[in-house]
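Undergrad: Single-letter residue listing:
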Amino acid sequence: MTVPADKETIGAVARVAGIKIPEADLPSLAGAFANQLQAIAALEELDVDEVEPIVSFDPRWR
Amino acid sequence: MSELHWLTIAEAGERLGRGDVTANELLDAVLERLRETEPEVHAYAGLMDETARDEAERADRELQHGSRRSPLHGIPVAVKDLLYTRGFPTSAGSKVLEGFVPDSDAVVVERLREAGAVLVGKTVTHEFAYGQDVPPTRNSWDRRCYPGGSSAGSGVGVAVGSAFGAIGTDTGGSIRVPASVNGIVGLKTTAGRVSRRGVFPMSATLDSVGPLTRTVEDCALVLGVVAGRDRGDATAIDEPVPDYRAHLSERLEGIRVGVERDYFFYDGVRPDVRAAVEAAIDELGALGAEVVDVPRIEYIEYAAPAGITVLVADTSEWHRRFLRERGDRYVQATRVMLELGELVPATAYVRAQKARAVVRDGLRRAFDGHRLDVLAAPTIPMPTVPLELLSVDLTGSGETALSGFLHHCFLANVTGVPALSVPCGFSDEGLPIGLQLYGRPFGEPDLFRVGHAYQVATEWHLRHPEVGGVAAER
Numbered sequence: 001m002t003v004p005a006d007k008e009t010i011g012a013v014a015r016v017a018g019i020k021i022p023e024a025d026l027p028s029l030a031g032a033f034a035n036q037l038q039a040i041a042a043l044e045e046l047d048v049d050e051v052e053p054i055v056s057f058d059p060r061w062r
Numbered sequence: 001m002s003e004l005h006w007l008t009i010a011e012a013g014e015r016l017g018r019g020d021v022t023a024n025e026l027l028d029a030v031l032e033r034l035r036e037t038e039p040e041v042h043a044y045a046g047l048m049d050e051t052a053r054d055e056a057e058r059a060d061r062e063l064q065h066g067s068r069r070s071p072l073h074g075i076p077v078a079v080k081d082l083l084y085t086r087g088f089p090t091s092a093g094s095k096v097l098e099g100f101v102p103d104s105d106a107v108v109v110e111r112l113r114e115a116g117a118v119l120v121g122k123t124v125t126h127e128f129a130y131g132q133d134v135p136p137t138r139n140s141w142d143r144r145c146y147p148g149g150s151s152a153g154s155g156v157g158v159a160v161g162s163a164f165g166a167i168g169t170d171t172g173g174s175i176r177v178p179a180s181v182n183g184i185v186g187l188k189t190t191a192g193r194v195s196r197r198g199v200f201p202m203s204a205t206l207d208s209v210g211p212l213t214r215t216v217e218d219c220a221l222v223l224g225v226v227a228g229r230d231r232g233d234a235t236a237i238d239e240p241v242p243d244y245r246a247h248l249s250e251r252l253e254g255i256r257v258g259v260e261r262d263y264f265f266y267d268g269v270r271p272d273v274r275a276a277v278e279a280a281i282d283e284l285g286a287l288g289a290e291v292v293d294v295p296r297i298e299y300i301e302y303a304a305p306a307g308i309t310v311l312v313a314d315t316s317e318w319h320r321r322f323l324r325e326r327g328d329r330y331v332q333a334t335r336v337m338l339e340l341g342e343l344v345p346a347t348a349y350v351r352a353q354k355a356r357a358v359v360r361d362g363l364r365r366a367f368d369g370h371r372l373d374v375l376a377a378p379t380i381p382m383p384t385v386p387l388e389l390l391s392v393d394l395t396g397s398g399e400t401a402l403s404g405f406l407h408h409c410f411l412a413n414v415t416g417v418p419a420l421s422v423p424c425g426f427s428d429e430g431l432p433i434g435l436q437l438y439g440r441p442f443g444e445p446d447l448f449r450v451g452h453a454y455q456v457a458t459e460w461h462l463r464h465p466e467v468g469g470v471a472a473e474r
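Residue numbers (the numbering used here), protein chains in the order written: chain A, 1 to 62; chain B, 1 to 474.
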């Protein structure tokens with residue numbers, strides 16, 4: 001993933017998510033976001049085309 | 001001074017059964033110990049001493065009439081302040097919940113009460129279990145050091161004797177880390193083994209609720225009480241609860257212990273931790289277990305990136321309303337993580353859930369391929385760290401204390417398997433070291449068997465920290 005972890009990008013994504021980021025949080029959030037993007041990029045290495053995600057779905061009525 | 005607070009749950013239960021001690025006396029001993037130690041370690045967020053006295057009185061009355069509800073009958077225990085307690089404040093360590101008093105108990109609390117346990121109080125947690133703030137709790141062995149988290153108070157309270165056992169929660173090591181750094185036993189239970197209803201969540205698929213105790217036998221006793229189906233929790237699995245104590249044994253013939261030295265003994269593992277854990281593995285061999293070298297587990301390096309992606313998104317979803325309405329009441333570091341979770345793309349989240357399946361299958365192949373019962377490793381790569389060296393960035397890509405904890409612990413949450421931390425030595429500076437035993441899904445009986453045999457053969461768990469002016473070795 002090549003999304004930059006700068007304030008402008010974070011601001012834009014946050015607007016889509018519907019949250020307002022306090023100015024004081026931006027430096028820490030930028031660092032955390034950059035690290036999170038690295039984690040997401042690491043997962044890109046995996047071939048998961050034929051893999052079902054770990055989610056729970058039970059159609060029985062309880 | 002009374003030494004009753006150092007009894008194990010099993011020993012205290014036997015004495016209660018014989019009439020050698022009363023539940024009130026056990027409660028007195030724990031409250032006295034608590035008064036001595038709290039000024040130094042701050043394990044408790046709130047004391048339930050009035051209701052505890054009522055519960056102890058009831059336990060004693062029932063014992064006098066020959067009724068003993070369970071092995072926890074009359075035993076003083078504590079619960080993490082992340083669990084609902086009826087009529088008693090539950091803050092999850094956060095100002096966001098200031099004034100919140102639940103009108104019901106968490107299922108685990110309900111089961112403890114039904115079992116006749118005496119609830120002493122609520123233990124300190126990092127804010128909403130996120131591990132981002134610095135709580136007032138201090139390490140029981142060195143007040144300058146990290147007490148573990150997020151079940152910090154549960155770990156420290158049990159270690160200093162202000163509870164016989166405690167309940168914690170574990171989403172990425174939050175039971176095993178405080179157990180390791182305080183020299184006690186902690187169990188991350190199999191996903192679905194224990195109900196999560198009435199526990200503030202982080203992630204429905206990563207969270208688990210479990211015990212912290214001073215011995216493996218006590219851990220088995222507590223799990224036997226709190227485990228089992230809950231119709232109100234869709235994640236609680238309807239799997240029979242065995243008599244965990246019945247599986248304890250002093251010998252390990254027939255048990256296969258896997259050791260993977262590439263990932264779990266990487267360069268970041270401190271030499272004294274490596275030596276203590278290797279010695280513990282040798283001891284398991286001497287007790288009759290077959291120790292098996294296992295090559296690097298396929299895809300294991302994806303456990304942490306997959307886990308953190310799911311964790312931040314799941315947690316933020318739950319906090320969505322609070323973040324928008326009371327965002328300023330969070331500790332800033334927690335709020336930043338909640339903001340971060342809002343920014344994770346849905347496609348990345350689904351990919352992470354797929355990656356978990358790949359990691360799980362890699363672990364299953366390792367267990368099946370080598371016919372393992374347990375996998376042994378250090379609980380964490382270092383004993384503990386000075387508080388000032390603790391990075392608060394959970395997503396840190398560099399090598400930090402927290403990334404080291406996740407490296408060793410996250411695999412169990414990501415794959416849903418159980419993992420037990422057992423004290424296995426002390427560092428050069430006298431801090432506890434933990435041996436971690438990973439098991440198969442619902443393999444808690446094997447973990448208890450191995451951990452108990454190890455504790456019967458060793459004495460690490462008999463050392464107690466010097467707190468409240470009193471050092472002790474039983």
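If you are wondering where the hints come from, they were derived from the structure by calculation, not from laboratory data.
Where hints are given, some of them may not hold.
Said to hold, decoys possible - Under the rule of at most 30 Å between Cα atoms (straight-line distance), these lysine-lysine pairs were calculated in the DSSO-like manner: (1) A:K20 <-> B:K95; (2) B:K95 <-> A:K7; (3) A:K7 <-> A:K20.
Please read these numbers as outputs of a predicted model, since none were measured by experiment.
Undergrad: Are there hints from earlier that the structure breaks, and if so, what are their numbers?
TA: Those not satisfied: there are none.
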